[in-house]
Amino acid sequence: MSHQNEWPLWEVFIRGQHGMSHRHVGSLHAADAEHAIRNARDVYTRRNEGVSIWVVEAEKITASSPSDKGPLFDPSRDKVYRHPTFYDIPDEVGKM
Amino acid sequence: MDAAQKPLFEFLLRQGDNALVLGHRTSEWCGVAPILEEDIALANMALDQIGQTQLWLGYAAEVEGAGRSADDLAFLRDVYDFRNLLMLEVPNGDFGRTQMRQFLYDAFQVPWLTQLQNSTDTRVAEIAAKCLKEALYHLDRSSHTVIALGDGTAESNKRMDEALAFLWPYSGEVFVDDETDHAMATAGVAPLLSEIKPLWLETVQTVLVQACLTLPEGDYAQKGGRTGFRHTEHLGHMLAVMQTLQRSYPGATW
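Chains as they are written, first to last, in my numbering: chain F, 9 to 104; chain Z, 36 to 289.
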């Protein structure tokens, strides 16, 4: 199938009113990055969801392969000592 | 209505009817735009325009003081009582023409609403301030779309060129001052439209150059929309669709 007449796919990340990080909200088609920002504004922030938008061309994302799930993630399963649940964090530290 | 209030009522109808007619025309794209993303964007713009209509016609109804509401003004007036620009009532044409019209209108609305914020009528100033935020985004979007299509393929450039040639004779009407405009200027409610024209032309020229399009020659202007003197044959058909429910079931609500 030819895709030469289709606009590229962009992944959209929105930083909401609450929270410090941008979260993936979905994808859309657009001719270029600026166009993608505008489309993201109209498609994903209609209900006042966001204060900031990131877009990245989907093909620029390198993803881990599902078949590598075992070797990638299993070894950390039995290392509970890596979780910082055994520490008391002073209030003055604030957000971590 | 006090005779002294008539020009203000007329002025408010012009603002409200522009928003209403453009809003309805834009809403006709809902579900049939070339791609999903543009479909949603156009629906958003239509909703912005209808929201602006409620503000302008709501105030118009108050000024009239005849017990009519914004809805009554929108759905129960006939063609000759409408005061919108002809440019906004003509059929959408293709996607390119719709975007070109939006751009020509947005390029007018931004300097116009900016100055209306200084109106001696505080309600007008408040409504203008609210509408301006939307108009700025609309102009950003429509000007980039006009540039993208004008500076796109040979086919898209040709279509934008045709759109501009079609719409240009309608654009002159925007800036012809009449008695109402002079009354508003004297009262400090609004600037003269002829004072806005150079600002509009500057934006239009800047964008058209980037869009590889040429400003059409000639200043022949189709007039009669904003004065109500003579609308095109298209407005009646549009109103028939827009008003059919209220006409068929008077007072229906949901």
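Where hints are given, some of them may not hold.
Said to hold, decoys possible - Every beta carbon over 10 Å from chain Z, so not counted as near; a handful from chain F, in silico:
id, residue
1, 51
2, 57
3, 76
Said to hold, decoys possible - Listed next, with one range per pair, are the computed distances between beta-carbon atoms:
id, chain 1, residue 1, chain 2, residue 2, range
4, Z, 236, F, 17, 37 to 45 Å
5, F, 64, Z, 101, 36 to 44 Å
6, F, 15, Z, 115, 39 to 47 Å
To be clear, the hints were calculated from the coordinates, so they are not data collected in a lab.
C-beta: ideal position from N, C-alpha, C; glycine also.
Right, here's what the structure says about each hint:
no., hint, verdict
1, 51, "violated, 5 Å"
2, 57, "holds, 14 Å"
3, 76, "holds, 33 Å"
4, 236/Z to 17/F: 37 to 45 Å, "holds, 39 Å"
5, 64/F to 101/Z: 36 to 44 Å, "violated, 56 Å"
6, 15/F to 115/Z: 39 to 47 Å, "holds, 44 Å"
Hints 1 and 5, counting from the list given before, are not met by this structure.
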